[in-house]
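Q: The sequence shown begins at 475 in my numbering and counts up one residue at a time.
No lab work stands behind these hints, which were simulated from the structure alone.
Be careful, since some hints might not be right.
Unchecked claim - Heads up, simulated SDA-like pairs for lysine to any residue below, C-alpha to C-alpha not over 20 Å straight-line:
#, residue 1, residue 2
1, Lys-712, Glu-603
2, Lys-705, Leu-635
3, Lys-605, Leu-714
4, Lys-692, Ala-564
5, Lys-605, Ala-506
6, Lys-638, Gly-570
7, Lys-645, Glu-603
8, Lys-692, Asn-546
9, Lys-645, Lys-692
10, Lys-705, Arg-716
11, Lys-705, Ala-564
12, Lys-692, Gly-570
13, Lys-645, Gly-680
14, Lys-712, Gln-659
15, Lys-705, Phe-615
16, Lys-712, Arg-591
17, Lys-605, Asn-546
18, Lys-605, Lys-692
19, Lys-605, Met-693
20, Lys-692, Leu-635
The structure displayed is predicted, hence computed values, not measured ones.
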Amino acid sequence: MGKDMQLVGRYRIRVAESLHDLHAAQHLRHLAFYGDGTLRDEDHFDTLCTHFLIEENGSGRLVCVFRMLPLNGGADIDRSYSAQFYELDALRDFPGRMVEMGRFCIHPDVHDADVLRLAWGAMTAYVDENKVELLFGCASFSGTDTSTYLDSFAMLRDRHLAPKRWLPRVKAPNVFRFASRLRRQPNLKAAQLSMPPMLRSYLLMGGWVSDHAVVDQKMNTLHVFTGVEVKTIPAARKRLLRALAC
């Protein structure tokens, strides 16, 4: 995607083209994840990924970033960021191209749904252009207190667990096994209110999650492995996403 995309005339999105762009993304990530924008959040995956920047038109202020890591198929699954935290052997048999979407964050002072819409438009264009068949990543809840999100986890258990043939297994040392240990019946309204917006978007596309959440003390998050098989996205949702990608 070589040109800027605009939505409602307020934001533009582009691919990072320089080390300066990458450093700006890393500064925003550190601000969003740790509350300090003077430092940079960086890891070795950054050099392997395509980075997307969403900026305000006019001011050029960076308001959102995310990265995409392409994989040729299931045989490459161990190259993913998620493989550090989840046992993903089941996905080795996935036959099509994959992409891992990660490090998604929005500036803490920005609360505009158009930013998320623009991000999904760009991701849709990327998936179509690269003939991706599985989009996946780690969807994060803020904080590590599982009691805050019990309704959300109960809803994930009841409605959105991964098919057994793709189900990630436990690898991280500290996890919350919500599918096997949570007995709560979900309050669906409360579940939706506490669900991260990115995860809600995945689920609207027919996405599925791991049966456990990883307790990530370093990032101060609880995250679940989340996957979307492109061929199973509802037709109406595909039309909406492709309209955003235009």
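Q: Each of the hints needs a verdict: does it hold here or not?
A: Hint by hint, here is what the structure shows:
1. Of the pairs offered as hints, the one joining Lys-712 and Glu-603 holds, with about 14 Å between alpha carbons and a cut-off of 20 Å not exceeded.
2. Taking the CA atoms of Lys-705 and Leu-635, the gap is about 18 Å. The hint holds against a cut of 20 Å.
3. For the given pair, Lys-605 sits about 18 Å from Leu-714 by alpha-carbon distance, which is consistent with the 20 Å threshold.
4. Of the pairs offered as hints, the one joining Lys-692 and Ala-564 is violated, with about 27 Å between alpha carbons and a cut-off of 20 Å exceeded.
5. Restraint check for Lys-605 and Ala-506: the C-alpha separation of about 31 Å exceeds 20 Å, so the hint is violated.
6. A hinted pair counts as satisfied when its Cα atoms are at most 20 Å apart, and Lys-638 with Gly-570 qualifies at roughly 18 Å.
7. At roughly 33 Å between alpha-carbon atoms, Lys-645 and Glu-603 are farther apart than 20 Å, so this suggested pair is violated.
8. At most 20 Å may separate the alpha-carbon atoms for a hinted pair to count; Lys-692 and Asn-546 exceed this at roughly 30 Å.
9. The straight-line distance between the Cα atoms of Lys-645 and Lys-692 is roughly 16 Å, inside the 20 Å bound, and the hint therefore holds.
10. This hinted pair checks out: Lys-705 and Arg-716 have alpha carbons roughly 14 Å apart, not beyond 20 Å.
11. Restraint check: the Cα-Cα separation between Lys-705 and Ala-564 comes to about 19 Å, which is no more than 20 Å; the hinted pair holds.
12. Annotation: proposed proximity of Lys-692 to Gly-570 is violated, straight-line Cα distance about 33 Å (limit 20 Å).
13. Restraint check: the Cα-Cα separation between Lys-645 and Gly-680 comes to about 25 Å, which exceeds 20 Å; the hinted pair is violated.
14. Simply put, Lys-712 and Gln-659 have alpha-carbon atoms about 31 Å apart, too far for the 20 Å limit, and the pair is violated.
15. The hinted pair formed by Lys-705 and Phe-615 fails the criterion: a straight-line CA distance of about 27 Å is larger than 20 Å.
16. Proposed proximity of Lys-712 and Arg-591 is supported: the alpha carbons are some 13 Å apart, at most 20 Å.
17. Annotation: proposed proximity of Lys-605 to Asn-546 holds, straight-line Cα distance about 10 Å (limit 20 Å).
18. Under the criterion of a C-alpha separation no larger than 20 Å, the hint pairing Lys-605 with Lys-692 is inconsistent with the structure, at around 34 Å.
19. In summary, the hint linking Lys-605 to Met-693 is not supported, as the alpha carbons are separated by about 32 Å, beyond the 20 Å threshold.
20. The straight-line distance between the Cα atoms of Lys-692 and Leu-635 is roughly 26 Å, outside the 20 Å bound, and the hint therefore fails.
The earlier numbered hints that this structure contradicts are 4, 5, 7, 8, 12, 13, 14, 15, 18, 19 and 20.
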